[in-house]
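Please construct the entire structure, taking both the sequences and the accompanying hints into account.
If you're matching them up, the sequences are chains A and B in order. All residue numbers for the first sequence refer to our numbering, where the first residue is -11 and numbers rise by one. All residue numbers for the second sequence refer to our numbering, where the first residue is 50 and numbers rise by one.
Treat the hints with care, as some may be off.
[What the hints assert, rightly or not] Straight-line Cα separation of at most 27 angstroms, BS3-like style, residue types lysine-lysine; simulated pairs:
hint, chain 1, residue 1, chain 2, residue 2
1, A, Lys130, B, Lys171
2, B, Lys102, B, Lys171
3, B, Lys102, B, Lys155
4, B, Lys171, B, Lys155
5, B, Lys102, B, Lys179
6, A, Lys130, B, Lys102
[Said to hold, decoys possible] So these bits of chain A aren't anywhere near chain B, every CB distance computed over 12 angstroms:
hint, residue
7, Asp(-7)
8, Gln(-6)
9, Arg(-1)
10, His6
11, Asp47
12, Cys66
13, Gly95
14, Ser110
15, Asp119
16, Glu120
17, Ile125
The hints are simulated quantities; they were obtained by calculation from the structure and are not laboratory data. We put the beta carbon where it would ideally sit given N, CA and C, even for glycine.
Given next are the chains, with one letter for each unit.
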Amino acid sequence: MKFLDQLFEQRSRQLAQHSSRRGMLKGLGALLVGGASIPLLPVARAAAQSPGRPVEEGDPSSCDYWRYCAIDGFLCDCCGGTANTCPPGTEMSPVTWIGTCHNPADGRNYVISYNDCCGKSSCGACLCMRDEGDRPIYRPDKTNDINWCLGTSSAAYHCSTAIVVGLAFEE
Amino acid sequence: MKPGLLLALLLCWSLPSLATTGNSGRVVFDYQMNCQGCHTPDGSGAGSVPRMKGHVGIFLQSQEGREYLVRVPGSATSALNDERLAAVLNWILTEFSGDSMNSPFKAFSAEEVGRLRQSPLKEVEQYRLKVLRDLSSMSMNE
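Encoded structure:
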């Protein structure tokens, strides 16, 4: 125990001789200011803008909206829902068809899931048929010509959403 | 602040963004584009789409089961090449198996996938049922 006492005493004295309270405050201040400035760096800004957070421009009730590049159906945004949500009284299909769309606002490609809203008859408003990347029905996972109300309690199609799943992988 | 400390902090900060690029980014993208539409983001499935989450590892317990994962039409006839299909299958197995994988994981190689996908299954449900029945009787006999 005496050895430990001597060791701590020695170290404490060394610390007191070689450092100052101002020095400690200086170091602490530098750490706080430096830490706070890290989110301003380009690396941090790029990370903050990754998947699910595209720069949004355009009108989600228009067929020209960037996320609708492969849509074939009625826009939920015109039917009491939004580009991300189903109108009240309908159920979102968990089974969906997926493609990619280019977002001109940030110049990046995103994976888009066209989840249909089901359980009511066709909405009838804002019919859009852009069909980019649509494939014949013999590629069932890449065709939008089938009713995607699968896995829902009702197969009645009402409208389509266009949900951003993530950033597309670029080779 | 010392330059070394600043460098270390910068490195820590940028690691997560670096990690999302490279092969892990590609395999997740391939799953999203080729599987997720039916199997859902977390492999839960829906309706008649089988649940992979917590179950898919069972198929590795027999050779027929292992082959099933490649010969099922969604795998065998996908637009992915052998290397990328093997990567997606391995990712699915490590990501979704949970407790269902009770033996050491032997990853699929591009060569194995390329060979097995030459014979896509025609009667998928019957084959799957047989595989699961055989596995069930194997476990009862043990």
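Hints, verified against the model:
1. A:Lys130 <-> B:Lys171: Measuring from Cα to Cα gives roughly 21 angstroms; hence the hint holds.
2. B:Lys102 <-> B:Lys171: Distance ~24 angstroms between Lys102 of chain B and Lys171 of chain B Cα, so the pair holds.
3. B:Lys102 <-> B:Lys155: holds (19 angstroms)
4. B:Lys171 <-> B:Lys155: holds (26 angstroms)
5. B:Lys102 <-> B:Lys179: holds (20 angstroms)
6. A:Lys130 <-> B:Lys102: The hint holds at about 23 angstroms.
7. Asp(-7): About 33 angstroms separates Asp(-7) of chain A from the closest Cβ of chain B, which puts it past 12 angstroms; holds.
8. Gln(-6): Nearest chain B Cβ is 31 angstroms from Gln(-6) of chain A, so the label holds.
9. Arg(-1): holds (22 angstroms)
10. His6: holds (16 angstroms)
11. Asp47: Non-interface label on Asp47 of chain A holds, nearest chain B Cβ at 26 angstroms vs cutoff 12 angstroms.
12. Cys66: holds (24 angstroms)
13. Gly95: holds (17 angstroms)
14. Ser110: holds (21 angstroms)
15. Asp119: Holds, since 16 angstroms exceeds 12 angstroms.
16. Glu120: holds (14 angstroms)
17. Ile125: holds (14 angstroms)
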